[in-house]
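For chain C, the structure is supplied; the task is to place chain G on it using the hints.
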Amino acid sequence: MTPSSSIAAPGATPAPEEHHDHHPSYLVDGTTIKSWLLTVDHKRIGLMFLFWVLLFFLVGGIFALLIRVELLTPGPTIMDAMTYNRTFTLHGLVMIFLFMIPAIPAVFGNFMLPLMLGAKDVAFPRLNLLSLYIYLAGAVLALWGMLNGGLDTGWTFYTPYSAHTTTTVAPVLFGAFIIGFSSIVTGINFIVTVHTMRAPGITWFKMPLFVWAIYATSCIQVLATPVIGLLLVLVTVENLFGFGMFDPARGGDPVLFQHLFWFYSHPAVYIMVLPSFGVMSEVVATYSRKNIFGYRAVAYSSLGIAFVGFFAWGHHMFVSGQSTFAGGLFGVLTMIVGVFTAIKVFNWVGTVYKGAVEFKTPFAYFCGFLFFTVFGGMTGIALGTVSLDVAWHDTYFVVAHFHFIMVGATIMAFLAALHYWFPKMFGRTYHEGWGLVAAALIILGFNATFIPQFLLGNNGMPRRYYEYPERFQELNVASTAGASLLAFGFIIIAMYLTYALIYGKASGKNPWRSKGYEWLSESPPPTHNFVGPQPEFPEEPHFYVDPKKAEVPDAV
Amino acid sequence: MQSSSHAAGGTAQPVPHLAGHFASLEVQNHAARLGMWLFLATEILLFAGLFICYGVYRFLFPEAWAAASRSLDLQLGTINTVVLITSSLTAALAVHYAKEGKNKMVAVQIALTLVMAVGFLVIKYFEYHHKFEIGTLPGRFYSYEGIQLPGVPLYFTVYFCATALHGIHVVIGMIVLAFSMVRALKKADFGPNNYTMVELGSMYWHLVDLVWIFLFPMLYLV
Chain C
1 MTPSSSIAAP GATPAPEEHH DHHPSYLVDG TTIKSWLLTV DHKRIGLMFL
51 FWVLLFFLVG GIFALLIRVE LLTPGPTIMD AMTYNRTFTL HGLVMIFLFM
101 IPAIPAVFGN FMLPLMLGAK DVAFPRLNLL SLYIYLAGAV LALWGMLNGG
151 LDTGWTFYTP YSAHTTTTVA PVLFGAFIIG FSSIVTGINF IVTVHTMRAP
201 GITWFKMPLF VWAIYATSCI QVLATPVIGL LLVLVTVENL FGFGMFDPAR
251 GGDPVLFQHL FWFYSHPAVY IMVLPSFGVM SEVVATYSRK NIFGYRAVAY
301 SSLGIAFVGF FAWGHHMFVS GQSTFAGGLF GVLTMIVGVF TAIKVFNWVG
351 TVYKGAVEFK TPFAYFCGFL FFTVFGGMTG IALGTVSLDV AWHDTYFVVA
401 HFHFIMVGAT IMAFLAALHY WFPKMFGRTY HEGWGLVAAA LIILGFNATF
451 IPQFLLGNNG MPRRYYEYPE RFQELNVAST AGASLLAFGF IIIAMYLTYA
501 LIYGKASGKN PWRSKGYEWL SESPPPTHNF VGPQPEFPEE PHFYVDPKKA
551 EVPDAV
Chain G
1 MQSSSHAAGG TAQPVPHLAG HFASLEVQNH AARLGMWLFL ATEILLFAGL
51 FICYGVYRFL FPEAWAAASR SLDLQLGTIN TVVLITSSLT AALAVHYAKE
101 GKNKMVAVQI ALTLVMAVGF LVIKYFEYHH KFEIGTLPGR FYSYEGIQLP
151 GVPLYFTVYF CATALHGIHV VIGMIVLAFS MVRALKKADF GPNNYTMVEL
201 GSMYWHLVDL VWIFLFPMLY LV
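Going down the list, the protein sequences come from chains C and G.
The first sequence begins at 1 in this note's numbering and counts up by one.
The second sequence begins at 1 in this note's numbering and counts up by one.
Isolated chain G, as found in the complex:
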């Protein structure tokens, strides 16, 4: 979150700005990384609540879960998974180039990540659109004639809550990465001593990816 911008506090300097209250740069970077790991832990617990809802209702309505899952577009889901995993690769490469001080490559890799993120959202938009058309919607909005089983509207409640929450995280991750990209282009000061910002943004992106890796089999491959 904000801790990612921490190392970026100073003016344009070749080395990152050392905040006055830290003893050394290593301590400062260690603190930023630890803070990010803790933040990721809170994110996992945020989704954990939804996973528990999923688990309980799947236990209660196994047939509805299987039937509703089959109504999703497995092809689009698979494409989205591949897109997101590849975007994680480019995000990791951005960190690699930031360590080597190749700022242009950092910007390119992040740009690729962002393009794939947009692609993910566009595909997601088509999936949502299709559901709005046929009426596989949460709770009282459910109007699809194709599957008539108790618990199916509940599946779509879980589906929409989980994918929407994940979508919000994709957008937040894009914003975080975009900041690093702008910095790589404008200041171009990432280097062996100064890559924490890219690293933290990339860590967040991996989490977004990881959540999807769990959501995909849970929702599409039941």
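Next up, chain C with everything else stripped away, as it sits in the complex:
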């Protein structure tokens, strides 16, 4: 692999003190609207993604609350059955395609990747901007379709129903198809950046673990997204013209649709969750003030998850009529994902062990993350067991499971990243006390929302049903109460972070005393990230304790 710089003389070190006054931070370097909308600076693009991603998170969250309010009583509460179907579909689509898939890669990946690699920008800055606008174009089209009728198929849009329903399937699916391009472009950009833009000294095994996670994620994005892209087009065509590709009446096979759908949508789960693993690897080392335990194991397990994740899709289809042999095989492959995840969990715990833990807000989210990953992951192993899944299939148990592992882990990591890198991105600090209060509320609220759903599912309540028997009401009320707690936590975060954005104290360059590469430049960084000559990186990332000195007692 070509190192990023062959020009910089070896031994050259940046001398930042000479340049302090001449290099404004990226936030104030150009203040016109045009300088933001047409910027090619990865940091500004990351911030714009942050804005939109948060907005769509709000939209998806409002839909989630509407669902929970509707399910307060066994009968109709605030909406009719059709509106309910549309609401949960929109909740799923918005949260998955508009929030969770771009959440960490497009926001924090964009912002941090070049900083962590000692590069001035990503490899293709203009493509990077393009991916933002593709994303917005797709979002506008999809939301337009949702508001003009909205589809009622669930986010999985299974055929043959999605080909026949009278709701507006076509614009929403085509919107999702366009968003897929944004995902592909971001993925290509990040892979090429990692391959070609690393600063001198950053070899493959000296890359920060967040970079490894984003790299593995990008590989999945590039390899899986085209398949769903094709499928979205086929279903759109099917819905508009009725070609019969997946229509059993014309010889088509709906199970083939499911195979193609899950070939993307199962790896997509790892698109959502792998970046959070990366964030947590950074956070846990920083706040434990200890080198990450088992760096290579964590890096390889990211790639391992990305690889095995491609061969586990069949576990969504245990009751769809695939052969028993295939079911068993997919069950075993699913459990291998658990092995890789467990490697990571053990390494994170090993990092905290005998570390000097600073219990700051991001670390609080790390604790929540660990709980959700282990609990959600273990229920995933249970669901991967074919005989158990047959009973649990399409119940609230599955809903609670994937909200724990996919949403819980991602939200924890998203919030941890937001707090951990807030000083890096804006140069300001937030109120630590409120941060911890909100973290506690969110972790408690999340548990209160979804633990009742585990119980509901185990008692046999199917997902996506509009009405339910009286005996399920108590647990549903508990779940809705938990969701309110969760919403309350997010409102607190929105308030103190907005306050911090305007009135927060200046944070200084590196308030956490982190050894992450991204903290070597100013906070907030200047437009081209580093001033002076190409920086070099002689030390490993996550380098808190010299292993040789660590042999001596009392040396830190």
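Just to be clear, a hint being listed does not mean it is correct.
Unchecked claim - The following residues of chain C were derived to be distant from chain G, with all beta-carbon distances above 10 Å:
hint, residue
1, LEU141
2, TYR300
3, ASN347
4, GLY377
5, ILE451
6, LEU455
7, ARG463
8, VAL477
9, GLY504
To be verified - One side only, chain C facing chain G, incomplete, derived with CB under 10 Å:
hint, residue
10, LYS120
11, ASP121
12, ILE184
13, GLY187
14, HIS195
15, VAL222
16, PRO226
17, LEU230
18, LEU234
19, ASP253
Stated by the list, open to error - Beyond 10 Å from chain C on every Cβ pair, some chain G residues (computed):
hint, residue
20, ALA66
21, THR78
22, PHE126
23, HIS130
24, ILE134
25, GLY135
26, LYS187
27, LEU210
These aren't lab readings, by the way, just hints derived from the structure by calculation.
It should be emphasised that the depicted structure is a prediction, and the values quoted were computed from it without experimental measurement.
Glycine residues also receive a C-beta, built at the ideal position from the N, C-alpha and C atoms.
Just chain G now, with coordinates in the frame of chain C:
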């Protein structure tokens, strides 16, 4: 895709413009090429989905597949294959001349490629037209009396989806190559250090060709 225009960012200079965030020209070209290879990988996976549909349905309806395949015009299909492979040759020659800095020859070779691409589309148009006339159309539009086997409409669903998707790619490839041709004529600045744009466009064209090389036996020679 867009990465092909990357090296073309600057004003008229004898050497290609080096973007500020790259360390050197080699790195920049390496990045552009790697990006293109990754993009081609996504294209292959895009078609892979259709190939899987093809494989599954051919397994389910082998007789229908054979019968429907025989109703295609093998002669036109073969001519189209030859045309497309030859156009790949001229696209490759364009890269060769771009490396040597012979800008006029670059334009000529790309023009030849474009002519053959148009020829391909025209032949494809006649094939489509014939199918619309006799009614060998996808799904519920199928009305051909000649073959009455279950699964035949499905074959034409796959046929039309695959060839239409490939046709769209032909058009995109033509647009990409046309940009290089215009640049070779107007700026005439391709040379030993500056041929990435032609190279990437040509790579894309080879992919379009390659997809057809798979589609042709799968659809025509069953």
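If we take the beta carbon of G/LYS187, is the closest beta carbon in chain C still more than 10 Å away?
holds, 19 Å
Should the label of G/THR78 as a non-interface residue stand, given a Cβ cut-off of 10 Å to chain C?
holds, 27 Å
Let me know if the C-beta of C/ASP253 comes in closer than 10 Å to any C-beta of chain G, holds or violated.
Holds, about 6 Å.
Run the C-beta distances from G/ILE134 to all of chain C and say if the shortest one exceeds 10 Å.
holds, 18 Å
C/LEU234 was flagged as interface toward chain G. Is the shortest Cβ-Cβ separation under 10 Å?
With Cβ-Cβ at 7 Å, under 10 Å, it holds.
Over 10 Å to the closest beta carbon of chain G is the bar; see if C/GLY377 clears it.
Non-interface label on C/GLY377 holds, nearest chain G Cβ at 28 Å vs cutoff 10 Å.
Restraint check, 10 Å cut-off on beta carbons, for C/VAL222 near chain G:
holds, 6 Å
Proposed interface contact between C/LYS120 and chain G, which counts if any beta carbon pair is under 10 Å
At about 4 Å, which falls below the 10 Å cut-off, the nearest Cβ of chain G leaves the hint on C/LYS120 intact, so it holds.
Does C/LEU455 sit more than 10 Å from chain G, CB to CB?
Correct as stated: the minimum Cβ-Cβ distance to chain G is 39 Å, above 10 Å.
Should the label of G/ALA66 as a non-interface residue stand, given a Cβ cut-off of 10 Å to chain C?
Nearest chain C Cβ is 15 Å from G/ALA66, so the label holds.
Checking the smallest CB distance to chain C, is G/GLY135 really beyond 10 Å?
Correct as stated: the minimum Cβ-Cβ distance to chain C is 14 Å, above 10 Å.
Minimum C-beta separation from C/TYR300 to chain G exceeding 10 Å: can you confirm that?
Holds: least Cβ distance 22 Å, greater than 10 Å.
In the structure shown, no violation is registered for any of the earlier numbered hints.
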